[in-house]
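Enquirer: The listed protein sequences derive, respectively, from chains A and B. Position in the first sequence (first residue = 1) + 19 = our numbering. Position in the second sequence (first residue = 1) + 164 = our numbering.
If you are wondering where the hints come from, they were derived from the structure by calculation, not from laboratory data. Don't take every hint at face value.
[Said to hold, decoys possible] Estimated spans, in silico, between C-beta atoms of each pair:
no. : chain 1 : residue 1 : chain 2 : residue 2 : range
1   : A       : E255      : B       : A369      : 33 to 41 Å
2   : A       : S357      : B       : D373      : 47 to 55 Å
3   : B       : G338      : A       : G336      : 30 to 38 Å
4   : A       : V356      : B       : R303      : 13 to 21 Å
5   : A       : I372      : B       : R255      : 54 to 62 Å
Backbone N, C-alpha and C define an ideal beta-carbon position, used for all residues, glycine too.
One-letter residues, chain by chain:
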Amino acid sequence: MQRSQPGAVSSTPDYSPGVDRRDFIKICCMAAAAVGLPPAAGLKMAEAVAKGLKPSVIWLHFQECTGCTETLLRTSHPGVAELILDLISLDYSETLLAAAGKQAEEALHAAMHAHEGKFVCVVEGAIPLKDGGIYCQIGGRTAKAIMEEVGGKAGAIIAIGSCASWGGIPSADPNPTGAVGAPAVLPGKTVVTIPGCPANPYNLLGTVLQYATFGTLPALDSKGRPLTSYARVIHEDCPRRPHFDAGRFVRQFGDEGHRLGWCLYQMGCKGPATHANCSLQHFGEVPGAWPIGIGHPCFGCTEQTLAFRAPLHATVGIDRPTPPDTYPPIHPERGGVSAVATGVAGLVGGALIGAGLMASKKLGEGPSPQKEE
Amino acid sequence: MAVDRRALLKGLSAAAAAAAVTPPASAAAQRKPAPPDAVGMLYDATLCIGCKTCVVACRKANNLEYEAHSTLWDDPVDLSGRTKNIIKLYREGSRVSYMKQQCMHCLDPGCVGACMMGSFQKREHGIVTWKGDRCIGCRYCAVACPYNIPKFEWDKAFPLVVKCELCSHRLAEGKIPACCEVCPRHAVIYGSYPELLAEAKRRLAEQPDHYYPKVFGEHDGGGTQVLYLTARDVPFEKLGLPTLDEEPVPHLVRTVQHGIYKGFIAPVVLYVALGAVMLRNRKKGGGHE
Numbered sequence: 020m021q022r023s024q025p026g027a028v029s030s031t032p033d034y035s036p037g038v039d040r041r042d043f044i045k046i047c048c049m050a051a052a053a054v055g056l057p058p059a060a061g062l063k064m065a066e067a068v069a070k071g072l073k074p075s076v077i078w079l080h081f082q083e084c085t086g087c088t089e090t091l092l093r094t095s096h097p098g099v100a101e102l103i104l105d106l107i108s109l110d111y112s113e114t115l116l117a118a119a120g121k122q123a124e125e126a127l128h129a130a131m132h133a134h135e136g137k138f139v140c141v142v143e144g145a146i147p148l149k150d151g152g153i154y155c156q157i158g159g160r161t162a163k164a165i166m167e168e169v170g171g172k173a174g175a176i177i178a179i180g181s182c183a184s185w186g187g188i189p190s191a192d193p194n195p196t197g198a199v200g201a202p203a204v205l206p207g208k209t210v211v212t213i214p215g216c217p218a219n220p221y222n223l224l225g226t227v228l229q230y231a232t233f234g235t236l237p238a239l240d241s242k243g244r245p246l247t248s249y250a251r252v253i254h255e256d257c258p259r260r261p262h263f264d265a266g267r268f269v270r271q272f273g274d275e276g277h278r279l280g281w282c283l284y285q286m287g288c289k290g291p292a293t294h295a296n297c298s299l300q301h302f303g304e305v306p307g308a309w310p311i312g313i314g315h316p317c318f319g320c321t322e323q324t325l326a327f328r329a330p331l332h333a334t335v336g337i338d339r340p341t342p343p344d345t346y347p348p349i350h351p352e353r354g355g356v357s358a359v360a361t362g363v364a365g366l367v368g369g370a371l372i373g374a375g376l377m378a379s380k381k382l383g384e385g386p387s388p389q390k391e392e
Numbered sequence: 165m166a167v168d169r170r171a172l173l174k175g176l177s178a179a180a181a182a183a184a185v186t187p188p189a190s191a192a193a194q195r196k197p198a199p200p201d202a203v204g205m206l207y208d209a210t211l212c213i214g215c216k217t218c219v220v221a222c223r224k225a226n227n228l229e230y231e232a233h234s235t236l237w238d239d240p241v242d243l244s245g246r247t248k249n250i251i252k253l254y255r256e257g258s259r260v261s262y263m264k265q266q267c268m269h270c271l272d273p274g275c276v277g278a279c280m281m282g283s284f285q286k287r288e289h290g291i292v293t294w295k296g297d298r299c300i301g302c303r304y305c306a307v308a309c310p311y312n313i314p315k316f317e318w319d320k321a322f323p324l325v326v327k328c329e330l331c332s333h334r335l336a337e338g339k340i341p342a343c344c345e346v347c348p349r350h351a352v353i354y355g356s357y358p359e360l361l362a363e364a365k366r367r368l369a370e371q372p373d374h375y376y377p378k379v380f381g382e383h384d385g386g387g388t389q390v391l392y393l394t395a396r397d398v399p400f401e402k403l404g405l406p407t408l409d410e411e412p413v414p415h416l417v418r419t420v421q422h423g424i425y426k427g428f429i430a431p432v433v434l435y436v437a438l439g440a441v442m443l444r445n446r447k448k449g450g451g452h453e
């Protein structure tokens, strides 16, 4: 099949400049796979997008570094930066919007009212609550007020990154602005959280496209995280896991074990307690582009109890020991004695006692016939 | 009558009286202090992650063969002639805890008390070591140990007694015990006995809700140089550690044995009594045959 060249005239319609149909369907399938949907769902997504049924997305920024947006734009293969604009209809985003000031505010309101109850609200960044929420304001309104208004009208709310999910860096001690995540501001609403610092863009893309195509959200855990991406801890699928199981640990950075790619647990790896799919879906599709991949312990960026709280090089407990059946119990079972063995032992013992009795009897009788001789 | 019942009873009661002359001193007074250069280990079950690195390191440091009971490369089920250190799993419902088992290096060890040949001795740094040249293979040490530590090489023609000796050969080289060196979480640490005890107490004081409120080995069985901490909801019994009072393990046995032989009075009395019986019997039946 002839693939369209950039600038070449193609008989098949281009979905975006520089991306052909094949690549487009590929990326849709990848996004579908990211949330655990079958490849056929990817095709459906591509069709829905081609028909112009692109989900309207309103992207809010609060207390954050915009790292999640930046990583989304810099995913390298194949050109998600362009595709994101085609897969979704990004109607409002402070980072990507050409408009500014009043114009931008109008764009937000226009998008919000045009797709009320249907649009996807993506939140990036924590929301400060201290002192009436004055520490983050846009257009004179507090982040909390904006979140409540936009969140109230949205069809689905997705919190991307750890800041929006549970507070992230802004909520680190002593948390001077009283920063919290989006779920804390919208009690009672379903907020899909995609924690990570930054979050893996595929986990977001898959969730958005599933909602756009099927009108459903992925199955979520108690913290609102899609089970497809956050059900397992890093440790369970870590490429360095065999080194852990064999007791081969990096003892200090730069030692032989470190150069050989051994387990980073002793260096403070939070993998055993961090729910994320980094070990399977490498960051921005670059193989090895994640902390453990480059020889640094996992930081636990998705976990509220770990990231920016637990010391970087402190070790963590391992909740789920796998495989647990290789441990002996406290009181190991001993081989029992079977009934047959007991019976045989009894017979042998009895025979010996009997023989002994007879022998002693004969010994006692013995001398008398000798005397008679 | 071949045996004079009366005389025999007399002799025995004299022996018992001799034993009873020394009243057993209080347990606290009997407790042996730690040697001044005592070293030991502190195992914190709340820190252990069950990676079994210590088991592997112990094998390497002590030239022990692997022990396979299933398709796994190495899965010892208990301490044995090939396993001086083992990680066990306590599980009750969803609650799990690991347990490291090796010699406790008692301040007053039962094995040393039981070993009639003196093969077991507390040697440098208070480490309980076994030297095979005098061992007769009676295995009283295994019976006497309340922690079930000394193991016999049942599968060998010339068996030895095997147990953790705190890597004394490594200590001589200026290293620390292999298990303590490799533990990635410092769940088991090596140090001088007073320092370890202080560290254990510091942890207890710092996190009273986290730990079971006791340092195992501080007083148990007269004290051990290997100390244990466990989680509040997993008492030491659940980890397989015995419930002992503060009396040193060999104390009772020693009281009886040492009492009987005190001043060599009881044996002399007994043999004099027996001799008297024999003499009397000989006089009685002197004309026989």
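Enquirer: Evaluate each hint against the coordinates.
Expert: Tested hints:
1. A/E255 and B/A369 have their C-beta atoms about 36 Å apart, which keeps the hinted 33 to 41 Å range intact.
2. Against the hinted window of 47 to 55 Å, the Cβ-Cβ separation of A/S357 and B/D373 comes to about 48 Å, which satisfies the hint.
3. Hint check: B/G338 to A/G336, Cβ distance near 32 Å, so the stated range 30 to 38 Å holds.
4. Between A/V356 and B/R303 the Cβ separation comes to about 20 Å, which falls inside the hinted range of 13 to 21 Å.
5. One distance hint, 54 to 62 Å for the beta-carbon pair A/I372 and B/R255, is violated here, with the actual separation near 46 Å.
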